[in-house]
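Q: Residue numbers (the numbering used here), protein chains in the order written: chain A, 227 to 625; chain B, 227 to 625.
The reader is advised that the hints may include incorrect statements.
Since copy identity is lost for identical chains, a pair holds within one copy or between any two.
[Stated by the list, open to error] The calculated SDA-like cross-link candidates involving lysine to any residue, where the alpha carbons are at most 25 angstroms apart (straight line), are:
1. Lys289 x Asn437
2. Lys273 x Ser604
3. Lys588 x Lys618
4. Lys329 x Cys614
5. Lys343 x His595
6. Lys588 x Asp615
7. Lys273 x Ser513
8. Lys559 x Val340
9. Lys273 x Val340
Worth flagging that the hints you see were computed from the coordinates, not collected in a lab.
2 protein chains.
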Amino acid sequence: MVKNKTKIYVPGFLANGIAVGIKGTDKKDLGLIYSTVPAKVAAVFTKNTFKAAPLLINEERVKRGIAQAIITNSGCANAATGKEGYRDALAVSAALSREMKIKNELVLVSSTGVIGKRLPLKKIESGIGKLVKGLNEAGIEDAEAAMMTTDKYPKVAIRKGVVGAKDITICGIAKGAGMIEPNMATLLTYVMTDALIDSKALSTVFHQVINSTFNSISVDGCMSTNDMAIIMANGLAGNNPLEKVQARLQRFRDMLSEVLTELCQAVVQDGEGATKFISIMVEGAKSKSDARSAAYAIANSNLVKTAFFGEDPNWGRIIAALGSSGISMEKEKVSLSIGGKMVFHQDSPVAFNLSELKEIFKKDRINVHVGLGAGDKSYFVYTSDLSCDYVKINADYTT
Amino acid sequence: MVKNKTKIYVPGFLANGIAVGIKGTDKKDLGLIYSTVPAKVAAVFTKNTFKAAPLLINEERVKRGIAQAIITNSGCANAATGKEGYRDALAVSAALSREMKIKNELVLVSSTGVIGKRLPLKKIESGIGKLVKGLNEAGIEDAEAAMMTTDKYPKVAIRKGVVGAKDITICGIAKGAGMIEPNMATLLTYVMTDALIDSKALSTVFHQVINSTFNSISVDGCMSTNDMAIIMANGLAGNNPLEKVQARLQRFRDMLSEVLTELCQAVVQDGEGATKFISIMVEGAKSKSDARSAAYAIANSNLVKTAFFGEDPNWGRIIAALGSSGISMEKEKVSLSIGGKMVFHQDSPVAFNLSELKEIFKKDRINVHVGLGAGDKSYFVYTSDLSCDYVKINADYTT
Chain A
227 MVKNKTKIYV
237 PGFLANGIAV
247 GIKGTDKKDL
257 GLIYSTVPAK
267 VAAVFTKNTF
277 KAAPLLINEE
287 RVKRGIAQAI
297 ITNSGCANAA
307 TGKEGYRDAL
317 AVSAALSREM
327 KIKNELVLVS
337 STGVIGKRLP
347 LKKIESGIGK
357 LVKGLNEAGI
367 EDAEAAMMTT
377 DKYPKVAIRK
387 GVVGAKDITI
397 CGIAKGAGMI
407 EPNMATLLTY
417 VMTDALIDSK
427 ALSTVFHQVI
437 NSTFNSISVD
447 GCMSTNDMAI
457 IMANGLAGNN
467 PLEKVQARLQ
477 RFRDMLSEVL
487 TELCQAVVQD
497 GEGATKFISI
507 MVEGAKSKSD
517 ARSAAYAIAN
527 SNLVKTAFFG
537 EDPNWGRIIA
547 ALGSSGISME
557 KEKVSLSIGG
567 KMVFHQDSPV
577 AFNLSELKEI
587 FKKDRINVHV
597 GLGAGDKSYF
607 VYTSDLSCDY
617 VKINADYTT
Chain B
227 MVKNKTKIYV
237 PGFLANGIAV
247 GIKGTDKKDL
257 GLIYSTVPAK
267 VAAVFTKNTF
277 KAAPLLINEE
287 RVKRGIAQAI
297 ITNSGCANAA
307 TGKEGYRDAL
317 AVSAALSREM
327 KIKNELVLVS
337 STGVIGKRLP
347 LKKIESGIGK
357 LVKGLNEAGI
367 EDAEAAMMTT
377 DKYPKVAIRK
387 GVVGAKDITI
397 CGIAKGAGMI
407 EPNMATLLTY
417 VMTDALIDSK
427 ALSTVFHQVI
437 NSTFNSISVD
447 GCMSTNDMAI
457 IMANGLAGNN
467 PLEKVQARLQ
477 RFRDMLSEVL
487 TELCQAVVQD
497 GEGATKFISI
507 MVEGAKSKSD
517 ARSAAYAIAN
527 SNLVKTAFFG
537 EDPNWGRIIA
547 ALGSSGISME
557 KEKVSLSIGG
567 KMVFHQDSPV
577 AFNLSELKEI
587 FKKDRINVHV
597 GLGAGDKSYF
607 VYTSDLSCDY
617 VKINADYTT
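Same shape as in the complex, but just chain A (with noise of 0.2 angstroms):
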């Protein structure tokens, strides 16, 4: 990922992150942000049933729309971890309360990592201390660094531009690799922005950045019970306020936009083994929930993916995951084209020059674009392709 030149920090927020043994090496594994002012938050958790203790703790404390400090364990998710796991989380919180002198319900907990396990609580206590002392202004990365589990590189993405007349900043962080599927996508991404903003604003347009962009990537359709994304905005830009339908609501939607749209890209871009960024478009569909199913189908399908990493031109397997989605479709209508390539319309294969498309399954980065000529709704997924290496990684995850 090209990360942007400019400087990694956001008005008011200090980040550290630090090996405390979790992961049993000495890898960052203890990370924590801190706006020096409580912030405005929204948030956004996955719909696992299987919610991981740390989620059930936040989503009560962001209802209240303030939080000054995010506190993550990597090496373990604590999920699956019972009335115990709920403790754990609520100690860690206590304990981060207790060291930074905050109320402990403007600390917010997540956790990621291994499925089932309890939390080295002590390990995280004793930590604490050594944690909080190290908060700098140009701590994010290390606080990127600490959430990281298979990542293979760190995902920060920041924008600064003028809204409400101030300058503001707006940075995102994000980990994941694998167990990426929407509701909701991101593993975990973390918002700091020092914008002056609403809260019913934040949360409706955070939530709706959150669809566009995290909510539509895949890498393997496989949703985490520790999926979150959370932003933090302290108002330290002393911009003039941001609310509902304003010009400058809109500018800052944009931006946030291009953060979190550069992060979805970079987590499909490492997502666990893959060597492809696919970006999936399907159009003229009856329906966004059409369009929706139509890309997914694609996008999740083993065989598509399979192919893409064999740089194999089999676009066959394409239309039949584009059948199996269980969408109405009038076949004379549907078309598909890989690459700015047409290969299929009318139900039949387009003459085509085969080594031209094989050129194309070369690439880093393939477009495929389906039409349904139905309607006017359409839908777009970012995916990554499906090789030994995926395998290999989750093969022996825990062990």
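With chain A's structure known, arrange chain B on it following the hints.
A: What follows is chain B alone, placed relative to chain A:
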């Protein structure tokens, strides 16, 4: 697959399989099954929108309830080939009809292989004479071999027994190793029997048994354009006729179920790159549809499948997959056992011996049992693991 020692032969059925060069090798790729008298017929077809041309023809012909021959080629699916493909399939049927001097409407056609390519009609037409000439009572295994694509071994199952005061035989053959997912899941399955049975009873029983066998398996969650299951019953056993709601019809159904269970287990075991046979049983659901959604969410999770491949007792992925199924659950009532070992209940991990669980994951056959505690409906699915070989097999299928 352990075959019954019984001779593979069904009274009144002849078969053959030869190589005509469709695969570009000397492997068999054109097969024929023939009943010496017109037989009752029933069939189940894929629900894929882009049904292959031969299926469109068969759907019409099967409605008449009578058929006499099934001709099948491998190496080319004749799918996504439009009107030309349809004409090609008709041409194959016409050629066989001429050669055998049977009515065109009594011929069923079938193709399997690469999607989006025209059928090499000349090769097929020029081979039909030899194919018909070689028809013989012991030819069923040759016909089976001619429809294999990535299958590692042939799949044939046979049962004999007294039904309606006579010995009857039911023999099934199947092909399929990838793109295995219900509606229909069979890829190709043909069943031959000499039982005398009423048309309506045949259709009812066949659909019932297919639903509990081939529509309960999954290798990769990919639904093919060419899946089809056909049964032909020529009545030559001269048994007391099988009609609805009779004990002897029940006996026939049981025998058919044994044949199809053996075949569908063989298909999963031969799943592309499969190293494990996984049975997933979901019980205690409010509805069958809930149980089914839960079972398939687990069976189709790449993360679950890779954990089984890696013999990594990462049971938390099963919980995550279950939680993503979209059905409503009371977490506290959910339990998960693997190989008879309870690992999760009351929303918490059960204390268990990890090395014992590791031993279970090392086995070739693993049973996963989920209890939902919400009702009395259940569903089982057979599936396989996801290995590097699956990726390799599918990364260069056409080229």
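Q: Each hint: holds or not?
A: Tested hints:
no. : hint            : result
1   : Lys289 x Asn437 : within (20 angstroms within a copy, 46 angstroms between copies)
2   : Lys273 x Ser604 : both (24 angstroms within a copy, 24 angstroms between copies)
3   : Lys588 x Lys618 : both (23 angstroms within a copy, 17 angstroms between copies)
4   : Lys329 x Cys614 : neither (47 angstroms within a copy, 50 angstroms between copies)
5   : Lys343 x His595 : between (42 angstroms within a copy, 20 angstroms between copies)
6   : Lys588 x Asp615 : both (18 angstroms within a copy, 21 angstroms between copies)
7   : Lys273 x Ser513 : both (23 angstroms within a copy, 21 angstroms between copies)
8   : Lys559 x Val340 : between (46 angstroms within a copy, 22 angstroms between copies)
9   : Lys273 x Val340 : within (18 angstroms within a copy, 38 angstroms between copies)
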